[in-house]
Amino acid sequence: MPSREHHHTIVALVEDKPGVLNRIASKWRQRGFNIESLAVGHSEIPGLSRMTFTVDGATHDVDQVTKQLFKVIEVVNITDITDEDVVARELALIRVAATPNTRSALIELAQVFRANIVDVAQDSLMFEVTGDEDKIEALYELCLPYGVKELMRTGRIAMARGGAGHPEIEDGHRRYRSAGEGKAQVGSLL
Amino acid sequence: MKLTGAQIIMECMLREGVDTFFGYPGGANLPMYDVLPQYPQIRHVLVRHEQAAAHAADAYARVTGKAGVCWATSGPGATNLVTGIANAWMDSVPLVCITGSVVSWLIGRDGFQEADITGITIPITKHNTLVLNVEDIATAIREAFHIATTGRPGPVLVDIPRDVQQQTAEFEYPASVNLPGYQPVTEGDPHQIERAAKLIAESERPLILAGHGVVISRAWDELVELSEKAQVPVITTLLGIGGFPGTHELNMGMPGMHGMYWNNMAISEADLVMGVGMRFDDRVTGSLKDFAPKAKIVHIDIDPAEIGKNLPVAVPIVGDVKQVLAALNREVGPARHDEWRGWLNEQRAKHPSIIIPETDKLLPQYVIKSIYDASGADAYYVTGVGQHQMWAAQYFWVDKPNGFVTSGGLGTMGFEVPAAIGAQFADLKSTVWAICGDGGFQMTSQELATVVEYELPIKYAIINNGYLGMVRQWQELFYKNNLSAVRMYQPDFVKLAEAYGVRGLRVTDKGQVQSSIDLALSHPGPVLIDFQVEEYENTFPMVPPGASLQQTVDSPYHAEDARMRETGGVR
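For the record, the sequence lines run as chains A and B. FYI, this note's numbering numbers position 2 of the first sequence as 2, with every residue one higher than the one before it. Offset between the second sequence (1-based) and this note's numbering: plus 1000.
By construction, these hints were calculated from the structure, which means they are not laboratory data. Among the hints, erroneous ones may be present.
To list a few chain A residues with every Cβ distance to chain B over 10 Å, as calculated [stated by the list, open to error]:
{"no.": "1", "residue": "GLU15"}
{"no.": "2", "residue": "PRO18"}
{"no.": "3", "residue": "GLU36"}
{"no.": "4", "residue": "LEU48"}
{"no.": "5", "residue": "GLN64"}
{"no.": "6", "residue": "GLN68"}
{"no.": "7", "residue": "PHE70"}
{"no.": "8", "residue": "VAL87"}
{"no.": "9", "residue": "ARG89"}
{"no.": "10", "residue": "ASP119"}
{"no.": "11", "residue": "GLU141"}
{"no.": "12", "residue": "GLU150"}
Here are the simulated BS3-like cross-link-like pairs (lysine-lysine), alpha carbons at most 30 Å apart as the crow flies [stated by the list, open to error]:
{"no.": "13", "chain 1": "B", "residue 1": "LYS1400", "chain 2": "B", "residue 2": "LYS1480"}
{"no.": "14", "chain 1": "B", "residue 1": "LYS1066", "chain 2": "A", "residue 2": "LYS17"}
{"no.": "15", "chain 1": "B", "residue 1": "LYS1369", "chain 2": "B", "residue 2": "LYS1198"}
{"no.": "16", "chain 1": "B", "residue 1": "LYS1400", "chain 2": "B", "residue 2": "LYS1350"}
{"no.": "17", "chain 1": "B", "residue 1": "LYS1361", "chain 2": "B", "residue 2": "LYS1495"}
{"no.": "18", "chain 1": "A", "residue 1": "LYS17", "chain 2": "B", "residue 2": "LYS1002"}
{"no.": "19", "chain 1": "B", "residue 1": "LYS1361", "chain 2": "B", "residue 2": "LYS1510"}
{"no.": "20", "chain 1": "A", "residue 1": "LYS17", "chain 2": "B", "residue 2": "LYS1309"}
{"no.": "21", "chain 1": "B", "residue 1": "LYS1361", "chain 2": "B", "residue 2": "LYS1229"}
Beta carbons: idealized from backbone N, C-alpha and C, even for Gly.
Using the sequences provided together with the hints, build the complete structure.
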């Protein structure tokens, strides 16, 4: 079985109930995965939330956990969208040290990155920046020489391009009937 | 009319058809025990330790096919259930555990006897929930039974604070459940079933590996039909034992670590292996990369996560074994595999894995076989874990679909003593034998009090070699015979039995075996026989850890045994 070590982005539709996050985290922990990022919020369906998480691991291992996660009763649907054409975004807040000498350079930097300056203090500025991870990394790197006092990131959220929105809830269950040929992959079945 | 939370629990159990359950009272489930006498139609069995409640409910579920139910109080009561829950989880047994929790305002404040049991049991339950409103109890319990018994069965835990048990609400039992995230697929994909049928038709050396799923979904008739129609030999895993008639000419017995030599060779030669309701566990496969090297794999299982977990699969079929086999039987045409079966029988004659040698010594295999011969297909056989368990599995060739009750996945020593209680309650008319190890027996022997209190005529056979036999076997073979902490002081088991009010017998001699078993069978009450067997007998055939099935070591009476000792398992 090909075992490719890389970033996986997984999107789950889950019921809003206490303990769901714990159950999901528990499945990853059991297999020794470290969750790189996790973003949770309400979905368009009342009572259901959407989670995006990214993990590092071999495809077969990630598939295994994803299938185990689908067995969590509150998980209504789950998809590995790593190989799909998606829009992925993250939001970051960066508090960067600013002096009268550096302030205007920093403001220029923000403009280049289309970052908003959302707070101004005597000795610092706060940037709000949205984009993919590379963009946020790039801005962060450029801020470093000025002195980054604090960095906070939301983690990735991702949505497939085009298509007809989220698949019907039942589809997730039905697609397991064949469960892939040769190897059973969640990501390849949607 | 308004009912208390505790009454609602009982009403729900009534509607779920619970007639017997197992439990232990304590501070946090007092309201439940307070209303218990109002429901005389439900029998509560008071055990002596909560672990026993879970194991008894587990065995009860395995025999009846219904959910087993157990109750415990908060904190230590709930944590004592944990081993039993894990056992049911590993073996896909439907269990509903209802625990009392500390009063809701003390949750998370380290109240007396508080333990976060829903947190603790997340990895070993199919689902669990903490109910904080009395109005939600009925739904929670309805869902618990639904989840526990459908799809791939498993344990569900419902934790209810004491004050919630005391609050009142209108009782209405939900007519249906609303679980958008839980819709198990039971019907196999027709396309895959067609492909499987085609592979069967094309195969020359097919095998069926039947597992617990066959027993759980009660698919034994469908399995017999498939096997007979296409003349495919059936190998049963430890938990698949009983899923195919023991005396059937196509029954090949158990594979794997202590399975029949011929099966391990057959798996290595087969061109088609059909896993039916089993999960290619490491005790079955040996070294995975060498498993069934010439075979295409068809895998039928209700749990999609099992497909492709351990092995690449040519034809995956997700669905209920009974439904899938019924559909498959419609597609499969008659076939014969005479040459293949001839080869298998030849292997069987050449390597008679389970021949008991002529000797005056009291061999454990002889004891176990004598129990089977005397008690037959009407009895239930419950085992613990270790050497005696493997012998019990090897010598089980009887026609009883769910007559063999054992702890497979978790391998829980001490399971046998309370599990026999559950099995006996599931069928009060039949004989129940608990085949015990001397080590495991001492882990749960307090349950003899329960046996006597409820007048259960269970026959306990302790296969007593004075050792933790399987651990010693590994120390002998793979740790240079460095016997460390495996020799055990034993109490006088006969006196122990009698202290509880159980008839106790001691057998030290081969000549006493038959008469003691006859006496046990004719005695109307519980009996314990302390079979003081040959100390150093080991369990063979054996696949050394990490080795492939092809490297199976046959019978101890061959030179292989000595060679294995010398080389530490490598041939």
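- Query: Tell me, which hint numbers fail for this structure?
  - Reply: 1, 2, 4, 5, 6, 7, 13, 15 and 21
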